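Chemist: Assemble the complex: chain R is given as a structure, and chain S must be docked to it using the hints.
Chains as they are written, first to last, in this note's numbering: chain R, 1 to 380; chain S, 381 to 669.
A few of these clues could be false.
[What the hints assert, rightly or not] FRET-style restraints, in silico, Cβ to Cβ: (1) R:Ser356 x S:Gly552: 32 to 38 angstroms; (2) R:Gly149 x S:Gly552: 53 to 59 angstroms; (3) R:Ala223 x S:Gly623: 55 to 61 angstroms; (4) R:Gln148 x S:Arg604: 36 to 42 angstroms.
[Claimed, not checked] Lysine-lysine pairs mimicking BS3-like chemistry, simulated, CA-CA at most 30 angstroms apart: (5) S:Lys624 x R:Lys81; (6) R:Lys376 x S:Lys667; (7) R:Lys207 x R:Lys40; (8) S:Lys624 x R:Lys207; (9) R:Lys60 x R:Lys207; (10) R:Lys163 x R:Lys135.
[What the hints assert, rightly or not] Just a sample of chain S residues kept apart from chain R, beta carbon distances all over 10 angstroms, derived: (11) Gly398; (12) Gln406; (13) Asn431; (14) Pro433; (15) Val434; (16) Ala456; (17) Gly512; (18) Asn528; (19) Gly552; (20) Asp571; (21) Gly593; (22) Thr605.
Note that these hints are calculated values from the structure, not bench results. In this text the structure is predicted, and so the values were computed from the model without any measurement. All C-beta atoms, glycine included, are put in the ideal place defined by N, C-alpha and C.
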Amino acid sequence: MKLHEYQSKRVFAQYGVPIPSGEVATTPAQARAIAEGIGKPVVIKSQVLVGGRGKAGGIKLARTPDEAEEVAGHILGMDIKGLTVKQVLVDEAADIRSEIYLGAVLDRSARKVAIMASSEGGVEIEEVAAQTPEKIITVHVHPLLGMQGFQARQLAYGIGLPKEHIAAFTRIALSLYQAFVESDASLAEINPLVINGDNQLQAVDGKILLDDSALPRQEQLAALRDPDEDSPTEAEARESGLSYIDLDGEIGCMVNGAGLAMATMDIIKLYGGNPANFLDIGGGAGADKVLAALRIILRDARVKAVLINIFGGITRCDEVAKGIVEAITSLNVEVPIVVRMVGVNEDEGRQILAASNLPSANRLSEAVQMAVAAAKGEGA
Amino acid sequence: MSILVDNETRLLVQGITGSQGAFHAQQMIQYGTNVVAGAVPGRGGQWAVGNTPVFDTVHEAVATTDANASIIFVPAAFAVDALLEAADAGVALIVCITENIPALDMARARAFIDSTDSLLIGPNCPGLISPGSAKVGIMAGHIHTPGNVGIVSRSGTLTYEVIYALTERGIGQSTAVGIGGDPIKGLNFLDVLQMFERDAGTEQVVLIGEIGGADEQVAADFIRTEMSKPVTAFIAGQTAPPGKRMGHAGAIISGGEGTAAEKIEALQDAGVAIARHPEEIADLAAKNV
Numbered sequence: 001m002k003l004h005e006y007q008s009k010r011v012f013a014q015y016g017v018p019i020p021s022g023e024v025a026t027t028p029a030q031a032r033a034i035a036e037g038i039g040k041p042v043v044i045k046s047q048v049l050v051g052g053r054g055k056a057g058g059i060k061l062a063r064t065p066d067e068a069e070e071v072a073g074h075i076l077g078m079d080i081k082g083l084t085v086k087q088v089l090v091d092e093a094a095d096i097r098s099e100i101y102l103g104a105v106l107d108r109s110a111r112k113v114a115i116m117a118s119s120e121g122g123v124e125i126e127e128v129a130a131q132t133p134e135k136i137i138t139v140h141v142h143p144l145l146g147m148q149g150f151q152a153r154q155l156a157y158g159i160g161l162p163k164e165h166i167a168a169f170t171r172i173a174l175s176l177y178q179a180f181v182e183s184d185a186s187l188a189e190i191n192p193l194v195i196n197g198d199n200q201l202q203a204v205d206g207k208i209l210l211d212d213s214a215l216p217r218q219e220q221l222a223a224l225r226d227p228d229e230d231s232p233t234e235a236e237a238r239e240s241g242l243s244y245i246d247l248d249g250e251i252g253c254m255v256n257g258a259g260l261a262m263a264t265m266d267i268i269k270l271y272g273g274n275p276a277n278f279l280d281i282g283g284g285a286g287a288d289k290v291l292a293a294l295r296i297i298l299r300d301a302r303v304k305a306v307l308i309n310i311f312g313g314i315t316r317c318d319e320v321a322k323g324i325v326e327a328i329t330s331l332n333v334e335v336p337i338v339v340r341m342v343g344v345n346e347d348e349g350r351q352i353l354a355a356s357n358l359p360s361a362n363r364l365s366e367a368v369q370m371a372v373a374a375a376k377g378e379g380a
Numbered sequence: 381m382s383i384l385v386d387n388e389t390r391l392l393v394q395g396i397t398g399s400q401g402a403f404h405a406q407q408m409i410q411y412g413t414n415v416v417a418g419a420v421p422g423r424g425g426q427w428a429v430g431n432t433p434v435f436d437t438v439h440e441a442v443a444t445t446d447a448n449a450s451i452i453f454v455p456a457a458f459a460v461d462a463l464l465e466a467a468d469a470g471v472a473l474i475v476c477i478t479e480n481i482p483a484l485d486m487a488r489a490r491a492f493i494d495s496t497d498s499l500l501i502g503p504n505c506p507g508l509i510s511p512g513s514a515k516v517g518i519m520a521g522h523i524h525t526p527g528n529v530g531i532v533s534r535s536g537t538l539t540y541e542v543i544y545a546l547t548e549r550g551i552g553q554s555t556a557v558g559i560g561g562d563p564i565k566g567l568n569f570l571d572v573l574q575m576f577e578r579d580a581g582t583e584q585v586v587l588i589g590e591i592g593g594a595d596e597q598v599a600a601d602f603i604r605t606e607m608s609k610p611v612t613a614f615i616a617g618q619t620a621p622p623g624k625r626m627g628h629a630g631a632i633i634s635g636g637e638g639t640a641a642e643k644i645e646a647l648q649d650a651g652v653a654i655a656r657h658p659e660e661i662a663d664l665a666a667k668n669v
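Only chain R is shown next, with the shape it has when bound in the complex:
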């Protein structure tokens, strides 16, 4: 799950990281009021969960409350990479002397949290990594010890920070690590961390990604979820305990298991079709989950055929078959459904499906070819 910039910065601030004063506005009038309260030039920053907001015109300076109202009016409602801007952050504009990058990320191959710093802040760190990798200093934190002061100093001296900022930077780096661990983040970035006109360090932009597996114990952070992060269908699927992702093809897929679901999408492509979605019903799904999954797939008007691929194990084929029959009787099914079902209780499953006369195949590649042909109107 992603946090917005303003949410991320507030998390950092709770751990003692200095951030600019600012508030969130949903109307131009609110933006004006906030700018009046700040009493100095402000930046109006769109709060959408995609990168490249600046380039898209979603971040603008405003010198006066009048300007703030006008600029907020432009930005609110703007479309950035398919997302509508519903709120803006009105922050006191920083007088930026220099920009630093500071980030924490879970390094899966080292099995540790990596803390990275660079003197080249304000640009995407991937860009710095590609062009001047020597300008990124990285330390790995031992998971049982936590981040140590010497590691923070290694970063500070490593990026050539002026002496008077070493102590403040060290405190901020340790705070970032603490925020990362206590929020169960998978990424926490301050970019840029600026040295401002008052010669102080300040986190001007921030980003946090949370580990979805930890959300049950992070109730306060989980409550910050922006429903726009997922499409309405993806959100509905999540509520039903399904793992679903919208794609743009014409063959709806329902599969048990994430790896098999990805493989099924790949095979559809291999045989000349395009998957309309990724959908994993998970292990041990009952008829109700299958029904919910088919309801979601069949609602998509682009879907010209449905492919059901079940390899029974913890998931029993008869339960899946019951869900399919329920879907066919209760939903208005106008597209062909190809069923491929093997494994635990496959005979029972086939008997349940026999009456509905759905096209089926034993081999996966065969079932996929039938679905691709059906989607092209060549009959299944």
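Modeler: Frame of chain R, contents of chain S only:
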């Protein structure tokens, strides 16, 4: 011959009185696995799944029954505690089936386990099976057949698909290891490949990978430089869009890293035969028999 589990395996089931634990303990016993004990706090002194003794602690279970492997069916909130307990009790092989364990918890747990002699498989994995001798996992036993193809995979049902195709062609398996789909886990491709390379009962290996991370690239390095046995691979997620997590916590392409194309290229460079779809693995493996 096989790796990690065989007729010598004496299995402890942590969480044996839960619905998943009880069901799969029963299935494993039916397959012929030597299930010697269960461990569930507060249930010590009871019997589960027929005549399996249940102990309050793993230490007690090990002391009484000489269990040398453990499989964990404990809810996510308690699973790390359970696997640390098994490692502390000196259980040689720990298999964690539980999914949705926070990654930072796994980082800490793995750091502790590395300081012991225990090996961990998982979490979020289907377990492992040496067909004909021991099943320590949740896979359907009947699709497997004994033989000399070693299998290592990040996925569950996709592995069943491959094994089903191999068995249909009469190609048996030495051991199939599901290492799980999480970003931080126990044994990785590299560890299992090393074991297969040393195992006299394994003549060739099938590797089933997916998008996310770089573990397949690390495996490719080992295959190129150290491995004498032929390897066939399939990588799932060739059509997956970047930035979207495909079910498994580990299956996400971020910043152009971890794509199927990168992995396939690295494996091909190491001389690995790449299957275009899971059933094709059986065709490619048949050439090495």
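Chemist: Each hint: holds or not?
Modeler: How the hints compare with the structure:
1. R:Ser356 x S:Gly552: 32 to 38 angstroms: holds (37 angstroms)
2. R:Gly149 x S:Gly552: 53 to 59 angstroms: Roughly 57 angstroms apart at Cβ, these two residues keep to the hinted range, so it holds.
3. R:Ala223 x S:Gly623: 55 to 61 angstroms: Since R:Ala223 and S:Gly623 have Cβ atoms about 23 angstroms apart, the given range 55 to 61 angstroms is violated.
4. R:Gln148 x S:Arg604: 36 to 42 angstroms: holds (37 angstroms)
5. S:Lys624 x R:Lys81: Status holds; Cα separation ~15 angstroms.
6. R:Lys376 x S:Lys667: Outside the cut-off at roughly 35 angstroms; violated.
7. R:Lys207 x R:Lys40: holds (25 angstroms)
8. S:Lys624 x R:Lys207: Holds. S:Lys624 to R:Lys207 sits at ~17 angstroms (cutoff 30 angstroms).
9. R:Lys60 x R:Lys207: holds (19 angstroms)
10. R:Lys163 x R:Lys135: holds (18 angstroms)
11. Gly398: Holds, because the least Cβ-Cβ distance between S:Gly398 and chain R comes to about 13 angstroms, which exceeds 10 angstroms.
12. Gln406: holds (13 angstroms)
13. Asn431: holds (25 angstroms)
14. Pro433: Since the minimum Cβ distance to chain R is about 26 angstroms, S:Pro433 lies beyond 10 angstroms and the statement holds.
15. Val434: holds (23 angstroms)
16. Ala456: Non-interface label on S:Ala456 violated, nearest chain R Cβ at 7 angstroms vs cutoff 10 angstroms.
17. Gly512: At about 19 angstroms from chain R, S:Gly512 clears the 10 angstroms cut-off, so the statement holds.
18. Asn528: S:Asn528 is indeed farther than 10 angstroms from all Cβ atoms of chain R, at 24 angstroms.
19. Gly552: holds (19 angstroms)
20. Asp571: holds (13 angstroms)
21. Gly593: At roughly 5 angstroms from the nearest Cβ of chain R, S:Gly593 sits no farther out than 10 angstroms, so the non-interface label is violated.
22. Thr605: Label holds. Min Cβ-Cβ 18 angstroms, cutoff 10 angstroms.
When the structure is compared with the earlier hints, violations turn up for hints 3, 6, 16 and 21 and for no others.
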